[in-house]
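K.L.:
Protein chains in written order, with my numbering: chain V, 27 to 784; chain U, 27 to 784.
Some hints could be false.
Identical copies go unnamed one by one, so any copy, or any two together, can satisfy a pair.
[What the hints assert, rightly or not] Straight-line distance between alpha carbons at most 35 angstroms, and here's what the computed DSBU-like set of lysine-lysine pairs gives: (1) Lys229 to Lys151; (2) Lys218 to Lys156; (3) Lys581 to Lys524; (4) Lys316 to Lys456.
No lab work stands behind these hints: they were computed from the structure.
Number of protein chains: 2
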Amino acid sequence: MFKYEDNSYDIMAQLKNESLFMIGNGYIGVRGAFEEGYPSGDSVRGSYINGLYDRLDMVHAEKAVGFPTKYDKQPKVADTQTCLVFLDGEPAQLINTKYQNYRRYIDYEKGETVREYEFVTRNNKIAYLKFRRLASFVNLNVVSYSIEVKYDGEIVLLSILDGDVKPYSDPNDPRISNESKDLMEITDIGEKDDTSYLLLNTKNTSILQATLVKHLILTENDYSMDHIVKDERVETRITGSDNLILNKICVFTDGIRYSDPLKSAWEILGHLAYENYQTLLEIQKNYLDKFWDIAGIKIYGNENDQNHIRFMQYQLLQNVGIDPFSNVSAKGLSGEGYEGHFFWDTEIYIFPVLVANQPQHAKNLLEYRYNILERAKERAVELGHKKGAAYPWRTISGIECSGYFPASTAQYHINADIAYAFYVYYEFTKDLDFMVEKGLEVIFETARIWIQIGNFFQDKFHIHEVTGPDEYTALVSDNYYTNMMAKFNLNKAYELYKYFSQIEEPTIYEKFKLLIEKINLDEEEINIMKRAADNMVLLEDEELGIYAQDSTFLKKPLWDLDIDKRPLLLYYHPLTIYRYQILKQADVVLAHLLLEEYADYEKMKNSYEYYEKITTHDSSLSYCIYGIMANRFNMVDKAYEYFNQSVLLDLHDTHRNTKDGLHLANIGGTVLSVIQGFAGLRLNGGNLYFRPSVPSQWEGYSFKISFRNCLVEIDVRREILIKLLEGDYLNLFIYDKGYKLKKGEELRVAIMEVNKDD
Amino acid sequence: MFKYEDNSYDIMAQLKNESLFMIGNGYIGVRGAFEEGYPSGDSVRGSYINGLYDRLDMVHAEKAVGFPTKYDKQPKVADTQTCLVFLDGEPAQLINTKYQNYRRYIDYEKGETVREYEFVTRNNKIAYLKFRRLASFVNLNVVSYSIEVKYDGEIVLLSILDGDVKPYSDPNDPRISNESKDLMEITDIGEKDDTSYLLLNTKNTSILQATLVKHLILTENDYSMDHIVKDERVETRITGSDNLILNKICVFTDGIRYSDPLKSAWEILGHLAYENYQTLLEIQKNYLDKFWDIAGIKIYGNENDQNHIRFMQYQLLQNVGIDPFSNVSAKGLSGEGYEGHFFWDTEIYIFPVLVANQPQHAKNLLEYRYNILERAKERAVELGHKKGAAYPWRTISGIECSGYFPASTAQYHINADIAYAFYVYYEFTKDLDFMVEKGLEVIFETARIWIQIGNFFQDKFHIHEVTGPDEYTALVSDNYYTNMMAKFNLNKAYELYKYFSQIEEPTIYEKFKLLIEKINLDEEEINIMKRAADNMVLLEDEELGIYAQDSTFLKKPLWDLDIDKRPLLLYYHPLTIYRYQILKQADVVLAHLLLEEYADYEKMKNSYEYYEKITTHDSSLSYCIYGIMANRFNMVDKAYEYFNQSVLLDLHDTHRNTKDGLHLANIGGTVLSVIQGFAGLRLNGGNLYFRPSVPSQWEGYSFKISFRNCLVEIDVRREILIKLLEGDYLNLFIYDKGYKLKKGEELRVAIMEVNKDD
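Next up, chain V with everything else stripped away, as it sits in the complex (with noise of 0.2 angstroms):
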């Protein structure tokens, strides 16, 4: 059985353990607090829906023009966990002496986390206790809970569906709000059925939030229930004895997806009538024998990292949003760190694990970027661009909601990094539709920014102002990562034009010769687009035979302070940061995994040597990407070293924040550790390259990957075996040697001895 287990309670992972055992779908995501509550210690009891914003102000010390004003801030929405415990009366709670044979565990092949434990009450007696939860993925709507206790007495539960929700917030931690104002109100509340529900409203976007909790009980014996309904909160009481199971069948929507949230939560619950927690979680399992079958991957002769790899893998699945009104958080649906903004983490994190086996959801994402589009327009007029699109660095709704510019505006990269994932998208699947629907237009006006940005000088073309992946460095001209991926954007944006122009399906070319007319696009500023990223300085240092970060970055003076103070963002004024050679994540290197077919291998490989000596880390977006690039220069002990790194940051807690949430870009980027990391898998020249290795710690693994209209799956151990599963032929590399296969066909390749100790 697949699962992650934590079979002691301690009071101080409290927080962390409610982020790590979160259920979620993507749509709702609920943090793992206790039922029965806790005898103290810290919690954040908290309940998300991917979208879902309430907008305040912001107050800047000294504003200047196209800062924002306002910011999208993600609600608690109604908390349903709530299930107290009474045995004759007693309050069951985790007291150190007072229970004993704790479990906890989520269950990836079944679709639940499942806690239980035994309880010894001050008369010596032992009751059972187990609380069951799912969010299910078949309906994303519904979260439901099982509540089982065994005792010999009298068993009261009390259930709470509460609308008192405050954000967490600390004032001292950038990372976290600092805003503690309710953001939602109260607008209905009440019973009927034994269903408890709660109407919410966000109190400045005036966006409905419905929440129905509908309570069964099975059991064989008598018991009662009845319902009071309180100004913030209806609690259900139930009373029985020796065995009573509760299931809690809940029902989640909202304004944005709903016209009338409430009504339909009700008729959402009406489909459920005969459900209850069982049946739930058969449906669960069905879902998930199918996910598993296509998109898990197996590791071979190592269970601990094939449990940790499908604990990602399930993460994702529970945090990543499948509709275009949603996307990818931060920290997903599983706390409330960085305020539940989407940044670009989802492009350049996750969204290249979803293209690769479940090509619909990661349409979802780009649909999301389509449709805040506008927004994006109307930001770059903000910031005084004549066209074009300037993407939001983090954001709900669509609005640039950050309040530090050099480290969030001036991130002008996060344009290009979307047009690439619309671009993967577009070898992936070859979808011509969805291209010249929305993929080309995001594409056209994400490019036209560089060149407004962007100056020719000296022959070249340069790009000032602008900060890159690397947080630790701020408004430097020519960042490399920028540039490189600007020299993408414009690339794409140009042939492009050149292929639609020219494309023989009609009915394409007629949707892109409107796209063009509406955008006001044509050949001249496609021509620049193309001097430009034909030009696009990509700045080198002959001497150490690397790629420069940015035209200053060498020139400063490595870091001589105290490295013990991490994060440094805590310690030290960003000034004094920005003034070394230090590194918050991976830059040049990163811009070498996405684009390589631009860089030179010495250099690049040269590059990685470099700035890896210089990289704190500090970014949960680092590890990963140094550990696929440890691959790629076939340094593989280094490489699991960082996979190991990327598995614990959460597991372990090693950044120290897992209790605001999930790090879900290092998930999806431990998940590409092994795709893009140990397989080798990239997209040169719209083909698939694998140059796979194995760590010495395993003794193979495989996976599958949709492309275009194939199934492939690779299987890696001492001999590398592909199969063409669906699909009629694929073409693809193997250690840069080009294959053709055929369906049904396999291929056999050896595997390659590489230095495991460079």
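Fit chain U to the given chain V structure using the hints.
P.N.:
Coordinates of chain U only, in the frame set by chain V:
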């Protein structure tokens, strides 16, 4: 008579004229709001005490380490201006059709402002009203008003001492506070012996501020006076007829300078027992006779400019703090722009005027900087430096009060600007005691920062992540101005260390030894400073033959956006502005004014021509520098144009914000335009240099300079006449030719004919 006059009342110009007609003496400033009130229109009825501050929370949209959490703000103090006038019950106010013969002027010789007019009542009776006011230059605590009314009927004066003082705010202009909270609370209020009194307290810093207003009636007719004490104000009603003169003798004190401000105010008032407005004015005139004799610039053949230059000198006298608790805020004591904060304006634009003719006042400005040295050391630690002092970009009490670090904290050059002023003072006075007791410590501690924020790279010393004076470019490497000033700071630290190490005077030497022991400064550190200074990179562009503002500046595009949107900072996002070769104010050119000894003449001239074209002068600190430097390159017509721009900046409100207060740096710069501009005064290698020229609009000019023990007069017409009025001898250079002048001698040199239309 030297005066500034404005003989027409314009409701739209009320705010501007409140600034222009302010009265002050460096301690207290009172805006020129009308005693009798306005019929309508805006007013900022402010009075301010130099150095007084409250402290407020600074909120950041996204906080980081070392961002200030509090900031100082200058509060309004009690308002003493109001004296409503009723003529047979009809309020006298300037409603269009009801007045005639309006006159208003500042009399620089007497030291008062005067306003008079004839008011026509409903019954077509004519009253004569005259309002006079002064802030005593002799007794800094004293402000006095004279209100004279001639009217054939009942005259009622209602004099108000008002404690309801709220700050002026504008949430959309970054140059003005967006904070409208009350800063003052009333501690005591009352009336005794026809004297109203009010004790205020700053809300957060708990600094007391006391105000007394004594009412004297000068009339031969009967009158009555009564007082009403209300919650927030004291009203004094005087009823008389025919010819009524009220003199108000106001005393202001504060808790920074007095342990019991109210008690001290009464004592000060006691010493003034026999004074009235007229006697105070006589004392004032005596003071000014001496002041103008020493400091007064004479301009021949242009009465207008003569008056204007006196206006500037008079405003300096009114607004420059002359005790060590005070300084010169950006708006002096004339308004609330920049919240009363002190900037580098003091050292670079105002100090050089004073050091040449009022060295004691110049010294007081340095005393203030020494007083906040400890805070600057603490700030250095906050910024991550191991030692040294980092002076705040803007402050009152000494703490950093900047909300936007790229255009504040990153302007490390303020450290060198302050050190520069200390060094210039030293050269002008050779005041060894002051240097060894205070000056050296400042020069050493500021120099220490450069060797920490700079680094050697390829044998050159570089400084990264700083912002120069030009705030339209930020966070750059090797800003020319910063590097040049840092070089000076380091050189002087080295030279002074060496000089004082071998000084013969034993008491000076002993103090020096104690100082370097106290601050733990040794030869090794001093030698590093010397090495950094010697190898400081000053970037050049060979092709253009100019000095480069920073390492990337000349690679950026020229501004092609709408230049009419001015100032740019109110129309464009900082990122847009930073991306172009566009200057807010002189940067390289200012470095050449201060330190021409470090640069090459031809390159300085080319640099001037290059940067002048791309400077917006959106900062009020720019015209004067370009004007002074135009003279340096013999472009006298251009110099005069800039001089005129500086003159008109406040007088014609060309920056459209004189309402927020006078631009003190520009005012200082206008005076320097004569001394350093047309007369070409420089201090090179410790010697006085003059390079006089006369603009065609003048016949000539003259002024006096104090230098060491000498007082020298320079009179420039077709011939230059130099007289040594005090002191035994003086070495000086005219047009780079050296002369030695003995006491009583005159030196005559023919004026150089320069190309006036370069």
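K.L.:
Take the hints in turn and mark each one as holding or not.
P.N.:
Quick rundown of the hints versus the structure:
1. Lys229 to Lys151: neither (48 angstroms within a copy, 62 angstroms between copies)
2. Lys218 to Lys156: within (27 angstroms within a copy, 81 angstroms between copies)
3. Lys581 to Lys524: between (41 angstroms within a copy, 32 angstroms between copies)
4. Lys316 to Lys456: within (24 angstroms within a copy, 88 angstroms between copies)
When the structure is compared with the earlier hints, a violation turns up for hint 1 alone.
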